[in-house]
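**Student:** Assemble the complex: chain V is given as a structure, and chain H must be docked to it using the hints.
So the chains spell out like this:
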Amino acid sequence: MSGPTTTPRSTGAGFGRLLVAVYGVLALAAVARSAYQLTQRFAEAPLPYTLSAFAAVVYVVATVALARGTGVWRTVAWAAVVVEAVGVLVVGTDSLLQPDAYPDETVWSVYGQGYGFVPLVLPFVGIWWLWRTRSGGEPGTESEAS
Amino acid sequence: MVLPLLLLVVVLCAVLAGWALWFVVRDRAVVLRQLFGAAAIEAVLVVQAVVAGVLQATTDHPVDGPLFWGYLVTAAIVLPIAAVWAFAERTRWSSVVLLVAAVTVAFLEWRLWQIWGAAA
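The listed protein sequences correspond, in order, to chains V and H.
Per my numbering, the very first residue in the first sequence carries number 1; after that it's consecutive.
Per my numbering, the very first residue in the second sequence carries number 1001; after that it's consecutive.
In isolation and in its complexed conformation, chain V is listed as follows (with noise of 0.2 angstroms):
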């Protein structure tokens, strides 16, 4: 997977597995829980529910680019791990100033405590690996992997 150094590496291979595993793992409990509260309880939490749907389908999008990894999909990715970082800082800063907005929590609620800060750190990370992987980065860098 090294190629020349112009070229973006791939963010689904060495480190990026793992990080495409936790990503895939919050998304399958964002997407199931979503799901849950959606059929069964929707009109109990409005907001709460809406944001975690949405939460839900940025984390798939995130999972699937960032396993892609190459092309168009890293834009993609881009695009996810920023929404999602602006969507933990909004959603846990206005969970805390407004608790009366969120009967139930979302994915987001208190920096993501529910899923022990993983929300929290997970976009940064990924932000982190997007541009360490970017073109130009440092040769060999993947190698530290193996």
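Computed from the model, here is a short list of chain V residues facing chain H with C-beta under 8 angstroms:
1) G14
2) R17
3) L18
4) G24
5) L28
6) Q40
Hints were generated in silico from the structure; no laboratory data involved.
Every residue, glycine too, gets a C-beta built ideally from N, C-alpha and C.
**Tutor:** Same frame as chain V, now just chain H:
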């Protein structure tokens, strides 16, 4: 939910996680025998699902069905996906992926136990 079955899954997951961790430390990729281990866990998960289904059908144990089955199905698909993903990578990172997957399944089992017990 039958506690022995649940504990069996958790113990098997712990063993697989420990095995994967050992491979991470030794800088080795996932080997086929570890996937057989994952398949054994899958087999127990299927038995667990059947037992849970029978218990739900034959007793009036109150449980939030969609929530419970959502977790059970999620637990069942984690390892196969992780196995495919890990096996495509022939470095230590595949072992890290398997480690994460095994810990995830164990965590989901714990949640299953909570959900089953919460309704009791």
